[in-house]
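Participant: Here's the letter readout for the chains.
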Amino acid sequence: MTAVESDKMTTNTSTLPHSRPALPRIVTDAMPVVVMAVGGLAAFWLFPNDLGLLTRILAAALFVMSLDMVLGYCGIATLGHAAMFGTGAYAAGIVAVNWVSDPLALLAVGGVAGGLIALATGALILHARGLTLLMLTIAVAQIVQEVANKARDWTGGSDGLSGIDPAPVLGLFRFDLYGRTSYLFALAVLIVGFLVARRIVRSPCGLACRGVREEPLRIAALGGSPRRYLVSMYAVAGVFAGIAGALTAITSGIVGLDSVGFSWSAEAMIMLVLGGTGRLYGAVIGTVAFMAIHHILASTDPFHWMLFIGLFLMGIVLFLPGGIASLSARVLPLVKGGR
Amino acid sequence: MIDAPLLQVDGLSKNFGGLQVSSNISMDLRKGDRCALIGPNGAGKTTFVNLVTGVIPPTAGTIRIEGHDVTRQSAEARVRRGLIRSFQVARLFRSMTVREHLELAVLERTGRTFRLFANVRRIPGLADEVAELLEGMGLTAVAETAVGTLAYGQQRLLEIALALAMKPKVLILDEPAAGVPHSESHRILDALDRLPDDLAVLMIEHDMDLVFRFAKRIIVLAQGQLLCSGTAAEITADPRVREVYLGSRAHAH
Ligand SMILES: Nc1ncnc2c1ncn2[C@@H]1O[C@H](COP(=O)(O)OP(=O)(O)OP(=O)(O)O)[C@@H](O)[C@H]1O
Ligand SMILES: [Mg+2]
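In order, the protein sequence lines correspond to chains A and B.
Residue numbering for the first sequence follows this note's numbering, starting at 1 and increasing by one per position.
Residue numbering for the second sequence follows this note's numbering, starting at 340 and increasing by one per position.
I should point out that these hints are in silico values taken from the structure, not numbers from a laboratory.
We put the CB at the ideal spot given by N, CA and C, even for glycine.
Treat the hints with care, as some may be off.
[To be verified] Partial list, derived from the structure: chain A residues whose beta carbon lies under 10 Å from chain B:
| no. | residue |
| --- | --- |
| 1 | Asp176 |
| 2 | Cys205 |
| 3 | Ile219 |
| 4 | Ser225 |
| 5 | Gly278 |
Looking at chain A on its own, in the form it has when it is part of the complex (with noise of 0.2 Å):
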């Protein structure tokens, strides 16, 4: 009876809706959009001769959300989320060189490829689950960096393709010498598309995905297709890294090899890891304090800058196991308890 009552107890004090962060659904939705955008354009202020960087840091969060769509709300562990992510690129650079330089295409072009391929490749491989699948996703990403190297004529193979020269942003805007439009424009794709992913992680699919990685047996017992959702999501975050590749090659202007690379994928996990899984906004704090990190050790310390950024990592893992953005979750309440 006791048990009873305590829960109770628990219940009544937080029966407020969606009481995890103790604050309206409102001001936690538009936060991580409001701390984007103020952020994003600090540091174009801040940092005026970094802004090539910035902007790579930018599309890899974009990629990095969508690997958490993956990983974070399905469960599907990939070493292989590069494959997308460089087929986006290859198809919006080849795209631009022979036929069209609109980068607003360009991106879509870069977000179905993305798409197609990871629809293709997951409806193969997403039978398996574990150590299996973990291997069948990073077979993938080799065949499509192996094809990739092959199609010379079109990649341009080890040398890169390069010479992609995008036309001004929906007609107005260049892209500048200093990287300015470049830094701006990526800025505006990765918060439309934290937008569009937080409303598709929410949707009905978003929800069932989540019970999959929960309980497929479950999600069967209910009448649905564990796979068939597992895929859905899978070609949705392909779309999303599709874009994030295609925004790459819009703005550097380059697409090489080692956008389909093994080392791609690997850092894209480390980074989800980093600023947490299964919350969106945690993949762009876990991109920029990785690449932040990584960018001022190897010029101030080229040598042991990884065993810095290994053990940073581990740090992580074991004192703080939901990633750097947990900590918003763990500081809020006690805030508001203050009160």
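Fit chain B with the ligands to the known structure of chain A by using the hints.
Facilitator: For chain B with the ligands alone, kept in the frame of chain A given last:
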């Protein structure tokens, strides 16, 4: 066809390697049935449920739902025909809230889970139906609680609520009161009493109080075989039932 039982099982058998876990089981359930399946540990009760619901394929036998042969159909297809089960070990989405569970179940039943851009909170009718289900099982107060932190008895109630959210025709409950403290099992029984009248229910349960209060017909399974079936009085009077339940101790006396 009008008189076809909701669930009809014929000659169902299952071997795991050399071990025969179900042998030649036949039974049926009709509208409004309140039936219990009992038997000692390892009798093959859960295996029977897994066979009927399509989790594992049978070695022999047929399963019909409202006259349709579903023996070769997937578990999902059977769910869509109205055959719903609850799990003996709670299989819930631990990090998701009670509300999210029921939302998902209702969305699944109404085939709306592939909508990518819909906002779950704004789907017409969904919130009302979920509220009704929460109310029905007394879970309203914990609607926003992550299921992993819920008291075990409440998880069991959620199991039943999830099954009801599927608007079943045949409901199979695998030990709905397992692990629930005796002081709380009345909550489960209350919930079972309020099940829709025309639903056919098969309950697997060890708690005999619960079985006798709930079931109008009892089926006894032992070593994979259907031993006998009948009313509570018939079952308790049957010496074979005592035999399997009391085993060698009965002989000693
Ligand atoms: N996948 C399997 N492979 C081999 N043997 C199995 C398998 N599943 C179940 N069994 C065996 O089949 C027998 C029946 O198991 P089952 O779980 O159906 O019993 P039960 O009646 O539900 O028991 P309980 O009352 O303990 O829940 C047991 O001896 C078990 O070891
Ligand atoms: Mg069992």
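Participant: Which of the numbered hints are not met once you compare them with the structure shown?
Facilitator: Those not satisfied come down to hint 1.
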